[in-house]
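Chemist: Letter by letter, the chains look like this.
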Amino acid sequence: GEKVEQHESTLSVREGDSAVINCTYTDTASSYFPWYKQEAGKSLHFVIDIRSNVDRKQSQRLIVLLDKKAKRFSLHITATQPEDSAIYFCAASNNYAQGLTFGLGTRVSVFP
Amino acid sequence: DMKVTQMPRYLIKRMGENVLLECGQDMSHETMYWYRQDPGLGLQLIYISYDVDSNSEGDIPKGYRVSRKKREHFSLILDSAKTNQTSVYFCASSLNYSGNTLYFGEGSRLIVV
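Just so you know, the sequences run in chain order W and G.
The first sequence begins at 1 in our numbering and counts up one residue at a time.
The second sequence begins at 1 in our numbering and counts up one residue at a time.
Please keep in mind that the hints were generated in silico from the structure rather than gathered at the bench.
It is possible that part of the hints are untrue.
What the hints assert, rightly or not - Here are the simulated SDA-like cross-link-like pairs (lysine to any residue), alpha carbons at most 25 Å apart as the crow flies: (1) G:69 <-> G:24; (2) W:3 <-> G:53; (3) W:57 <-> G:100; (4) W:42 <-> G:52; (5) G:3 <-> G:97; (6) W:69 <-> W:49; (7) G:82 <-> G:63; (8) W:3 <-> G:69; (9) G:62 <-> W:46; (10) G:3 <-> W:83; (11) W:71 <-> G:97; (12) G:70 <-> W:43; (13) G:3 <-> W:46; (14) W:3 <-> G:3; (15) W:71 <-> G:58; (16) W:42 <-> G:109; (17) G:70 <-> G:41; (18) W:3 <-> G:24; (19) W:42 <-> G:64; (20) G:3 <-> W:49; (21) G:69 <-> G:52; (22) W:42 <-> G:11.
In isolation and in its complexed conformation, chain W is listed as follows (with noise of 0.2 Å):
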C-alpha cells in the first residue's frame, strides 16, 4: 500500500521566516494530498489540499507543491506566525476508498 514519509519530525522558525515540510509518497497512483495540522491538545483540521492535476497551489499563506515526478510534495507556510505552532500531518491518497495515508508529523515551533 501506499507509504508516506515526511521529513521533517521538528521546525523551528523564526517569527516572520517560512517554514518548510516536505513529503514523499511510493504509490504513482497517489492523486489526491492534503495537509492537516493539530495543535497541542487539540484535534487535526484541514489546512491545504493539492490534486495531481496542478503542481502548485496557494491559500493565503500557505503554498503546497507537487512534484509528481519525484513523488514529492510540500507545505510552505509563509510570513509565521506564533499561531502556526503545531504538528503538520501530509497525506495521500492513492485509493479513495482506502482512505488516506499519512505522515508521521511535522512539529512546528514558532519563536519570536
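For chain W, the structure is supplied; the task is to place chain G on it using the hints.
Modeler: Okay, now just chain G, sitting in the frame of chain W:
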C-alpha cells in the same frame, strides 16, 4: 453546524473488558473513519465506512470491529481490550470517499490497564 462528536472523550478500562467508542456527525456525510494516533506512529486507519452497513478494514483492523446502522453514527468496538490498544482514537467523516476533506472529532483517549 459542521461537527463530529466523539463519546466518551476519556476512558480507562481493565484488560479484557469491552470498549465502545461512539461517533456522530451532523453533515450527512457518507463516509466515516476510525483512526488511532500513537506517538511515533502517526495516524493509522482502523476501519472505513462508506455508508450504512458498508464497512471495510483499514490498515490495522485486528482487535476491532465497527457498526454503522445510521448514516450519522459510527461505533468502534473493542471486544476484550488489550493494553496495546491504549491510544487516542479519532473519528472522521467526509462527504464521500472520493478525495474530500476529512472532518475529525476531538478524539477519545483510551487507557487499558
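Chemist: May I ask which of the numbered hints given earlier this structure violates, with the numbers listed in increasing order?
Modeler: Violated: hints 2, 4, 8, 9, 14, 17, 18.
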